[in-house]
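There are 2 protein chains.
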Amino acid sequence: MIDINKALEQLDWSKDPKGLYEPIAYMMASGGKRLRPMLALTAAEAVINEGLISGNAMDDVLPAAMALEVFHNFTLMHDDVMDRAAVRRGQPSVHAKWNDNTAILSGDQMLIEAYKLIAKVPGDKVLKTLELFNEMATGVCEGQQYDMDFEHMNTVTIDDYLTMIEKKTSVLIAYAMKIGGLIAGASNAQQEALYQYGLHIGLAFQIQDDILDLYGDPNTFGKAIGGDICCNKKTFLLLTAYEKADAESKAELLQWLMTSDCDEQKIAAVKEIFDRLNVRAVGEAVMEEHTATALAQLDKLPQNAATEKLRLLAEQLTTRNN
Amino acid sequence: MIDINKALEQLDWSKDPKGLYEPIAYMMASGGKRLRPMLALTAAEAVINEGLISGNAMDDVLPAAMALEVFHNFTLMHDDVMDRAAVRRGQPSVHAKWNDNTAILSGDQMLIEAYKLIAKVPGDKVLKTLELFNEMATGVCEGQQYDMDFEHMNTVTIDDYLTMIEKKTSVLIAYAMKIGGLIAGASNAQQEALYQYGLHIGLAFQIQDDILDLYGDPNTFGKAIGGDICCNKKTFLLLTAYEKADAESKAELLQWLMTSDCDEQKIAAVKEIFDRLNVRAVGEAVMEEHTATALAQLDKLPQNAATEKLRLLAEQLTTRNN
Numbered sequence: 024m025i026d027i028n029k030a031l032e033q034l035d036w037s038k039d040p041k042g043l044y045e046p047i048a049y050m051m052a053s054g055g056k057r058l059r060p061m062l063a064l065t066a067a068e069a070v071i072n073e074g075l076i077s078g079n080a081m082d083d084v085l086p087a088a089m090a091l092e093v094f095h096n097f098t099l100m101h102d103d104v105m106d107r108a109a110v111r112r113g114q115p116s117v118h119a120k121w122n123d124n125t126a127i128l129s130g131d132q133m134l135i136e137a138y139k140l141i142a143k144v145p146g147d148k149v150l151k152t153l154e155l156f157n158e159m160a161t162g163v164c165e166g167q168q169y170d171m172d173f174e175h176m177n178t179v180t181i182d183d184y185l186t187m188i189e190k191k192t193s194v195l196i197a198y199a200m201k202i203g204g205l206i207a208g209a210s211n212a213q214q215e216a217l218y219q220y221g222l223h224i225g226l227a228f229q230i231q232d233d234i235l236d237l238y239g240d241p242n243t244f245g246k247a248i249g250g251d252i253c254c255n256k257k258t259f260l261l262l263t264a265y266e267k268a269d270a271e272s273k274a275e276l277l278q279w280l281m282t283s284d285c286d287e288q289k290i291a292a293v294k295e296i297f298d299r300l301n302v303r304a305v306g307e308a309v310m311e312e313h314t315a316t317a318l319a320q321l322d323k324l325p326q327n328a329a330t331e332k333l334r335l336l337a338e339q340l341t342t343r344n345n
Numbered sequence: 024m025i026d027i028n029k030a031l032e033q034l035d036w037s038k039d040p041k042g043l044y045e046p047i048a049y050m051m052a053s054g055g056k057r058l059r060p061m062l063a064l065t066a067a068e069a070v071i072n073e074g075l076i077s078g079n080a081m082d083d084v085l086p087a088a089m090a091l092e093v094f095h096n097f098t099l100m101h102d103d104v105m106d107r108a109a110v111r112r113g114q115p116s117v118h119a120k121w122n123d124n125t126a127i128l129s130g131d132q133m134l135i136e137a138y139k140l141i142a143k144v145p146g147d148k149v150l151k152t153l154e155l156f157n158e159m160a161t162g163v164c165e166g167q168q169y170d171m172d173f174e175h176m177n178t179v180t181i182d183d184y185l186t187m188i189e190k191k192t193s194v195l196i197a198y199a200m201k202i203g204g205l206i207a208g209a210s211n212a213q214q215e216a217l218y219q220y221g222l223h224i225g226l227a228f229q230i231q232d233d234i235l236d237l238y239g240d241p242n243t244f245g246k247a248i249g250g251d252i253c254c255n256k257k258t259f260l261l262l263t264a265y266e267k268a269d270a271e272s273k274a275e276l277l278q279w280l281m282t283s284d285c286d287e288q289k290i291a292a293v294k295e296i297f298d299r300l301n302v303r304a305v306g307e308a309v310m311e312e313h314t315a316t317a318l319a320q321l322d323k324l325p326q327n328a329a330t331e332k333l334r335l336l337a338e339q340l341t342t343r344n345n
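Chains as they are written, first to last, in the working numbering: chain L, 24 to 345; chain W, 24 to 345.
Among the hints, a few may not be true.
As the list makes no split between identical chains, a pair holds if one copy fits it or if it spans any two.
[Unchecked claim] Under the rule of at most 30 Å between Cα atoms (straight-line distance), these lysine-lysine pairs were calculated in the DSSO-like manner: (1) Lys41 to Lys151; (2) Lys139 to Lys38; (3) Lys256 to Lys38; (4) Lys29 to Lys151; (5) Lys139 to Lys151; (6) Lys256 to Lys41; (7) Lys120 to Lys256; (8) Lys139 to Lys56; (9) Lys41 to Lys56; (10) Lys332 to Lys143; (11) Lys273 to Lys294; (12) Lys120 to Lys56; (13) Lys289 to Lys256; (14) Lys256 to Lys273.
Keep in mind the hints are simulated off the structure, nothing from the lab. Being a predicted model, the structure only gives us computed values, none of them experimental.
I would like the entire structure built from these sequences, with the hints used as guidance.
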C-alpha cells in the first residue's frame with residue numbers, strides 16, 4: 024500500500040515567497056485523517072486487476088489522491104476565514120496565526136497546486152479526471168454557499184440541510200472514490216457504486232461531525248466543544264430538535280438562538296434541550312441508515328482486501344470520537 | 024474575428040445558489056478591456072495557417088481565451104478584498120456590494136470555472152494548456168504575495184518592483200499569448216516570441232497603470248485618482264522618486280508616507296514632489312523601452328493582419344488614458 028502521508032510530505036513548500044508557501048506547509052503538516060486520498064487509493068485497489076496492484080497502476084492514482092487532500096485543505100483554509108474559526112486540528116487556523124489576506128491568497132495557491140497535481144494524472148485519464156475534479160470543486164463551493172445562506176434563513180428543513188451537506192462534504196468523498204476508480208480502470212457501474220459509497224459515508228460522516236461537535240471528547244476532537252451552538256449553526260441536531268420540540272421547548276430554544284454571545288451556560292442549556300428531545304439518537308439512526316446504503320454498494324464491487332477495508336471503514340465511522 | 028464579449032456573455036451564471044453565481048455575473052458584466060482573451064485570440068491568428076483562420080481552429084482557442092478572462096476577474100475579486108478596494112471599474116467592488124465572504128467564495132468558484140473552460144480545450148492540447156495555465160496562475164499568486172510583502176518592507180528596489188509586477192501582471196498576459204499560440208499550432212520559437220511580447224507589453228502596461236493612478240483622467244480611469252498615494256503603495260513612481268530625491272525631498276516624502284490617513288492635501292503634496300523629480304517622464308521612458316522590446320518580438324512572427332494589430336496595440340498602450 025502506498026504511504027499517503029509520506030507522499031504528501033514530499034510535496035515541496037520551501038519555495039519563495041515564504042509568505043505564500045509557509046502557510047500551505049503549516050496547513051498540510053497539521054495532520055487530519057487523510058481520509059480522501061486514502062479513499063481514492065482504496066477505491067483504486069478495490070477495482071484494479073489483482074496482478075497490477077504492486078505495479079505502476081497504483082502510482083498513477085497518487086497525484087489525484089494528493090490533489091484531493093490539497094483541495095480539502097484549501098477549503099478548510101478559506102472556510103476558517105468565512106466562519107471566523109480560530110482553531111483547526113487543535114492549533115491556530117491560518118488566518119488566526121497570520122491574517123485573513125494570507126489565508127485567502129495561500130488558499131488560492133493551494134487550489135492551483137491541486138490542479139498542478141491533477142495535471143500529473145496519466146495522459147489517457149487526465150481530461151476525465153479534470154472534468155470530475157471540476158464538478159467536485161463546484162459542488163463543494165455550492166455547498167459552502169448554501170451553508171452560509173442558511174445562517175440568514177429562518178426556516179431550514181432537514182432535507183435542505185441534507186442537500187447542503189451532500190454538496191459541502193459528501194461530494195468530495197464521493198468523487199475521491201470515483202476518481203480513484205476511474206484512474207485504476209473501473210467500469211462505469213463500478214465507478215457509480217464507488218461514488219454512491221462515498222456519498223453515503225460522507226453524509227454519515229457529516230452527521231457524526233455535528234454530533235461530535237457537542238458530544239465529542241474535547242481532548243481528541245481538535246475544536247472547542249459546542250462551537251456550533253455558540254454560533255447558532257443550523258446543524259442536524261438543532262434542526263431535529265426544532266422539528267421535535269413542543270411549544271415550550273421551541274420557545275426556550277428560540278430564546279437561546281436569539282443571543283449572539285456565547286458562554287458555557289448557553290451550551291449547557293441548549294444541550295439539555297437536545298438531550299430532553301433525544302436528538303442524538305435520531306442523528307445516530309440516520310447515520311446508520313446512510314452507513315447501510317454505503318455498505319450495500321460494496322456488494323457491486325470485487326470482493327478483496329480493499330473492499331473489506333472500505334466495509335470496516337464504514338462500520339468504524341459510527342464509533343469514531345475525533 | 025471571434026467576438027469575445029459575445030462569447031463571454033453566453034456563459035451562464037443564472038444558476039443556484041444565487042449567492043454564489045450572482046457576484047460572478049456582476050463581475051463578468053462589469054466590463055474591462057477583455058485584453059487577455061483578445062490577446063490569446065490575436066496570438067492564435069498571428070501564427071495559424073492562413074487557410075484555417077475562418078475554420079474551427081480559432082474556435083479551439085476560445086475556451087482558453089475565456090478561461091484567461093474569468094481567471095483575471097477572479098484575481099480582481101480577491102485582490103479587492105485584500106487591498107480593501109471599494110471601487111472596481113467605476114462601480115462597487117464585489118466585497119463592497121456584498122461582503123468579504125461572498126467575494127472569497129465566488130472568487131474561488133471563478134477560479135474553478137476557469138479550469139472548467141480549460142477542460143474544453145481540444146484533446147491533444149488540453150494537458151499542455153493546463154500546465155501553462157497552472158504556471159501562469161502560480162506566477163500571479165506569487166506576484167500578489169510579493170506586492171503584499173512590499174507593504175511591510177522598508178526598502179524595495181526598482182528591480183524588486185519590476186520582478187513583482189512581472190509576476191502579478193505580465194505573466195498572465197505573456198501566457199495568454201503563449202496559450203493562444205500553442206492551441207493554434209505555433210512552433211516553440213513562435214510561442215517564445217509571443218510570450219516575450221506579452222511579458223514586455225505587460226510591464227509597460229503596469230507602469231502605465233501606476234502613472235494613470237495619479238495622472239489619469241478621473242472620468243475614464245474608473246478608480247479614485249491618487250489611490251496609490253493614499254495607501255502609501257510602493258509604485259514605480261514612488262520608488263523612482265525615492266531613488267532620485269535629494270535629502271530634503273526624501274525627508275518630505277517620508278513624512279507624508281508616515282501618515283496613514285489620506286486626503287486631497289496629501290495627494291497634491293506627493294504629486295508635487297513627483298513632478299519636481301520628473302518621475303512621470305522616467306516611468307514613460309521605461310515603458311517605451313519595454314514597448315520596443317515587445318515590438319521586436321513581432322519580427323519573429325508571420326507578418327499578417329494579426330501581427331499588425333499586435334504592433335498597433337503595443338504602440339497605443341503608451342497613449343491610453345483608462
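**Request:** Could you place Lys256 and Lys41 in one of the four classes (within, between, both, neither) given a Cα distance threshold of 30 Å?
**Result:** between (35 Å within a copy, 21 Å between copies)
**Asked** Checking Lys139 and Lys38: alpha-carbon separation at most 30 Å within a copy, between copies, both or neither?
**Response** Cα proximity of Lys139 and Lys38: in one copy and across copies (15 Å, 28 Å).
**Message:** Regarding Lys120 and Lys256, is the shortest C-alpha distance of 30 Å or less found within a copy, between copies, in both, or in neither?
**Reply:** Classified as both: same-chain Cα gap 24 Å, cross-chain 25 Å, threshold 30 Å.
**Message:** Reference check for the pair Lys120 and Lys56, CA-CA at most 30 Å: within, between, both, or neither?
**Reply:** Within one copy, since 22 Å is at most 30 Å while 38 Å is not.
**Request:** Indicate which option fits the pair Lys41, Lys56 if close means a Cα-Cα distance not exceeding 30 Å: within, between, both or neither.
**Result:** within (26 Å within a copy, 33 Å between copies)
**Message:** Within a copy, between copies, both or neither: which one fits Lys332 and Lys143 at a CA-CA cutoff of 30 Å?
**Reply:** within (27 Å within a copy, 37 Å between copies)
**Asked** For Lys29 vs Lys151, is the C-alpha pair at or below 30 Å within one copy, between two copies, both, or neither?
**Response** Answer is both; intra-copy 27 Å and inter-copy 28 Å each pass.
**Asked** Given a CA cutoff of 30 Å, do Lys41 and Lys151 count as a within-copy pair, a between-copy pair, both, or neither?
**Response** between (34 Å within a copy, 28 Å between copies)
**Request:** Using 30 Å as the alpha carbon limit, work out where Lys256 and Lys38 are close: within a copy, between copies, both or neither.
**Result:** between (38 Å within a copy, 25 Å between copies)
**Message:** If the cut is 30 Å between Cα atoms, do Lys139 and Lys56 qualify within a copy, between copies, both or neither?
**Reply:** both (22 Å within a copy, 29 Å between copies)
**Request:** Could you figure out if Lys289 and Lys256 sit no more than 30 Å apart (CA to CA) within one copy, between two copies, both or neither?
**Result:** within (13 Å within a copy, 46 Å between copies)
**Request:** Please work out whether the CA atoms of Lys139 and Lys151 approach to 30 Å or closer within one copy, between two copies, in both situations, or in neither?
**Result:** Both: 15 Å inside a copy, 11 Å across copies.
Consistency note: the structure conflicts with none of the earlier hints.
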